[in-house]
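**Q** The chain contents come next:
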Amino acid sequence: MIFNSITFLLFLVIVICLYWLLPRNIRNWMVFLSSLLFYGFWKWEFLSIVLLSTFTDYFVALELGKTEKSEERKRKLLLYTSLFINLSLLLYFKYLIFFTDNITFFLQSIGVAIESPALNIILPLGISFYTFQTISYTIDVYRNHTKPIKDFALYGSYVTFFPQLVAGPILRAEEVVNQLDHRPKFNPDLIVEGLKRVLYGFFLKVVLADNIAPLVDAGYALPPGSLSAIDVWTLAFIFGFQIYFDFAGYSHIAIGCAKMMGIDFPENFNFPYAAKSFKSFWKRWHISLSSWIRDYLYLPLAGADVIDPNLKSRGGIDVALGKNEITQGKKNRALFLTWVIMGFWHGANWTFVFWGVYHSGMIYLERLFKPFRDKFSFFSKPFIGWCITLPLAMLGWIAFRAESLTDVFIMLSKVINPLKYTFYSMRENTYLVTALLFLFTSLSYLATNIESEKTDQPTWWITSFNVVKYAVIFILVFTFFRPISQFIYFQF
Amino acid sequence: MKSKVLLFEISLGCIIGFFVVFSLTKEKKDFADFALGKETSSYYAKDQEVPIHIGKMVDTEIEALISGWESRGKKEVILVLGNSQTHGVNQYKDGEKSYNHLLFDRYQGQYDVITQSLPNASLQELFLAFEYWQTQLPIKMLIVPTFMDDMRENGIRVNWFSFLANQDFQIKDDYELSSAINNDLGKIRTREIPENDNFQALDKTVQERSERALNDELNKRFSVWENRPNLRGQIFTNLYYLRNTILGISAQTKRKMIPKLYKKNFSAVSDIISSASNAQIELLLYIPPIRSDVTIPYDALEYDSFKKEMEHQTSSNSLIHFYNFEGLIPGELWGVKSATNLFGEKELDFMHFKAKGHQILFQNLSEAIDNHL
Numbered sequence: 067m068i069f070n071s072i073t074f075l076l077f078l079v080i081v082i083c084l085y086w087l088l089p090r091n092i093r094n095w096m097v098f099l100s101s102l103l104f105y106g107f108w109k110w111e112f113l114s115i116v117l118l119s120t121f122t123d124y125f126v127a128l129e130l131g132k133t134e135k136s137e138e139r140k141r142k143l144l145l146y147t148s149l150f151i152n153l154s155l156l157l158y159f160k161y162l163i164f165f166t167d168n169i170t171f172f173l174q175s176i177g178v179a180i181e182s183p184a185l186n187i188i189l190p191l192g193i194s195f196y197t198f199q200t201i202s203y204t205i206d207v208y209r210n211h212t213k214p215i216k217d218f219a220l221y222g223s224y225v226t227f228f229p230q231l232v233a234g235p236i237l238r239a240e241e242v243v244n245q246l247d248h249r250p251k252f253n254p255d256l257i258v259e260g261l262k263r264v265l266y267g268f269f270l271k272v273v274l275a276d277n278i279a280p281l282v283d284a285g286y287a288l289p290p291g292s293l294s295a296i297d298v299w300t301l302a303f304i305f306g307f308q309i310y311f312d313f314a315g316y317s318h319i320a321i322g323c324a325k326m327m328g329i330d331f332p333e334n335f336n337f338p339y340a341a342k343s344f345k346s347f348w349k350r351w352h353i354s355l356s357s358w359i360r361d362y363l364y365l366p367l368a369g370a371d372v373i374d375p376n377l378k379s380r381g382g383i384d385v386a387l388g389k390n391e392i393t394q395g396k397k398n399r400a401l402f403l404t405w406v407i408m409g410f411w412h413g414a415n416w417t418f419v420f421w422g423v424y425h426s427g428m429i430y431l432e433r434l435f436k437p438f439r440d441k442f443s444f445f446s447k448p449f450i451g452w453c454i455t456l457p458l459a460m461l462g463w464i465a466f467r468a469e470s471l472t473d474v475f476i477m478l479s480k481v482i483n484p485l486k487y488t489f490y491s492m493r494e495n496t497y498l499v500t501a502l503l504f505l506f507t508s509l510s511y512l513a514t515n516i517e518s519e520k521t522d523q524p525t526w527w528i529t530s531f532n533v534v535k536y537a538v539i540f541i542l543v544f545t546f547f548r549p550i551s552q553f554i555y556f557q558f
Numbered sequence: 007m008k009s010k011v012l013l014f015e016i017s018l019g020c021i022i023g024f025f026v027v028f029s030l031t032k033e034k035k036d037f038a039d040f041a042l043g044k045e046t047s048s049y050y051a052k053d054q055e056v057p058i059h060i061g062k063m064v065d066t067e068i069e070a071l072i073s074g075w076e077s078r079g080k081k082e083v084i085l086v087l088g089n090s091q092t093h094g095v096n097q098y099k100d101g102e103k104s105y106n107h108l109l110f111d112r113y114q115g116q117y118d119v120i121t122q123s124l125p126n127a128s129l130q131e132l133f134l135a136f137e138y139w140q141t142q143l144p145i146k147m148l149i150v151p152t153f154m155d156d157m158r159e160n161g162i163r164v165n166w167f168s169f170l171a172n173q174d175f176q177i178k179d180d181y182e183l184s185s186a187i188n189n190d191l192g193k194i195r196t197r198e199i200p201e202n203d204n205f206q207a208l209d210k211t212v213q214e215r216s217e218r219a220l221n222d223e224l225n226k227r228f229s230v231w232e233n234r235p236n237l238r239g240q241i242f243t244n245l246y247y248l249r250n251t252i253l254g255i256s257a258q259t260k261r262k263m264i265p266k267l268y269k270k271n272f273s274a275v276s277d278i279i280s281s282a283s284n285a286q287i288e289l290l291l292y293i294p295p296i297r298s299d300v301t302i303p304y305d306a307l308e309y310d311s312f313k314k315e316m317e318h319q320t321s322s323n324s325l326i327h328f329y330n331f332e333g334l335i336p337g338e339l340w341g342v343k344s345a346t347n348l349f350g351e352k353e354l355d356f357m358h359f360k361a362k363g364h365q366i367l368f369q370n371l372s373e374a375i376d377n378h379l
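Heads up: the sequence lines are chains U and C, in that order. The numbering of the first sequence is our numbering, which starts it at 67 and goes up by one. The numbering of the second sequence is our numbering, which starts it at 7 and goes up by one.
I should point out that these hints are in silico values taken from the structure, not numbers from a laboratory. It cannot be assumed that every hint is accurate.
As the list claims (entries may be wrong) - Examples of chain C residues lying across from chain U (beta carbon under 8 angstroms, computed):
id, residue
1, 19
2, 24
3, 173
4, 238
For every residue, glycine included, the Cβ atom is placed at its ideal position computed from N, Cα and C.
Build the full structure now, drawing on both the sequences and the hints.
**A** Structure representation (structure tokens):
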């Protein structure tokens, strides 16, 4: 089910009412079954894959719970079973076409006469999200960071909980299971607070992201060779805004829906384009994924034995704790590998791998130049950091959106060619809209900062301003509300 | 306290918002002709209720047009392609006709005059349309106006050409733009470019059925819901006016040439010429009329060079005939249109003229046709 639809609104109202009315046992089953219904509304055939992943980790975790710490071989076998099943699903549905195409291409290029098999595999919605979630649960049980959940309805609700099922935030068991198990006393504040987040989310998605999309599509449809450097920068920024509004919109709606059921989700975004470094960018963008990658990939790859539980969900990747001494070389290798996998997680295309490598390169450069920055205070100023980080982060989105690696290189080569700054190739509105979005995002960041500093006592002018704000949001959301495009992150 | 205030703010905001929406959607407006302005009407010619002039490619319209041509004796066709100048008549009165309709009347008995015109058509789209009509009709002559304005447009628009895309129509590989246009059609076909369908994201899912049913129900019960497309049109119109007001843009503001798009559209002109030559079709290319009693909205140097290049392009082949009709229509026959900014007065229309202007263009075109057919 897609959020920006009447079907979902109707579904949400019914589920929330039932949630607050039903007793615990029935409630968890209701959440689990309604989440399956939510997923089945897209393609019911793929429910079997969600269920396979769910059952696998439920039973593996239960077995792990029963196994003594000393039985390391058995524990490892159980863990590998879970990893094998989940990663096989991911490999088959998401990466098989990519690998067969690339192997065929390689064999053809060395003279082997072979045709690429015609594979028709549909990517199940949200597979990257729920497999990561179930994997992390099993790993946490294996590491004794969390206890296995015995109540299947509760476990099923956690894995398939509809607000986050198809595009996150990726939740850890300890973040949500207890909340699902112990419903708080009904409080209308929860509904109001949740409604506010849902409204914001719809505004970002149906008003901003969906209306930017035609400009982005038109721009990226132009032959990359015909673009100027100004066009490339514009396309980088405008897609950067589109994907931010789209994904942050989704996260707001997810958080708002959970809030209306008395469940607090961790935040997934925190004004990423205000970041003053790449390290800080990844503490602000898709926080649940960067935390996941850090805890389950980067730290193990870097050789850190144990992670500090307090670090969880803060986002960011540039943290390395552990009993072992971690050399810089090991850290760098882990950084590079993590980001290649991170890129690949987003999509089975070399463009995503390039995007991952690009980010690892930027973080590596930041590490490299840290002593230099520390020496010259000018370069440590937040504003200078922001001026460097924002355009580079936006430029990275080119690889995310372009159709092929060749297109990416053609587009990026324009940026470093001074002769390509002398003309433009798109209609003027694209540049104008991009500039306005930049202004809007900057103002909303400043306004939020001012708002957070104000006192708790509402003043008449703040209230009046908010009434007008909600009236405008209502008008725009009401007008543009329609399932015209999916959320971008659904394809991952 | 804080959440009570929030509840108050959201509730009051939504109530005010609803009343605004309600008042704005009471009056139904047609935004299809928005670009033409209030003073200009769309005129798609018909012969005894059968279309001889279409805009968007729709299967039913195309079938009706072709069966009309068959019933009139399957004569050779003079194909007229164009943009909104062809189907726009300023201050239209009943009984008046556009130039292509007058051409149809003039050549009845000898040739069939069939027209397709698309607002803001790029030359790439006109090339695609020409390629399609060649597969459907025996074309004797093609008439194409080359507007400087349209050299700023790009690509194949999904709204107008999804029919061709879904028919798996492809342009032969012989032309410079074949792969670019076929690529655009491919994207429309595989829906990489969203079609103008409110349920696009639900394509082939179980939810599509529930969503359409719920939406139909809401449309039936609440006119406010049904009129949302109208409201979207109003919002975009006002944004367009706001942009023009802030940036001081009016109909007379100079429109700069966009080099890459200009080059691409020029390639489309070359392709039209090659295609017509290959098929031994007479081609009449002309610089269309533009309001010339005031400063034109183009850079004078760019416009001059455009005309020269166009003339040069057409000088290589005896089947290709070039005409310059830019100063053909006197100032008083051109339209005015409503202000395109928030506080302005009526503005001059450089694209659309009155029926008398169509009459003049018809006379000149028919003379040109007579010279070559």
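**Q** If a hint holds in the structure, say so; if it does not, say that too.
**A** Outcome of the hint check:
{"no.": "1", "hint": "19", "result": "3 angstroms, holds"}
{"no.": "2", "hint": "24", "result": "7 angstroms, holds"}
{"no.": "3", "hint": "173", "result": "21 angstroms, violated"}
{"no.": "4", "hint": "238", "result": "6 angstroms, holds"}
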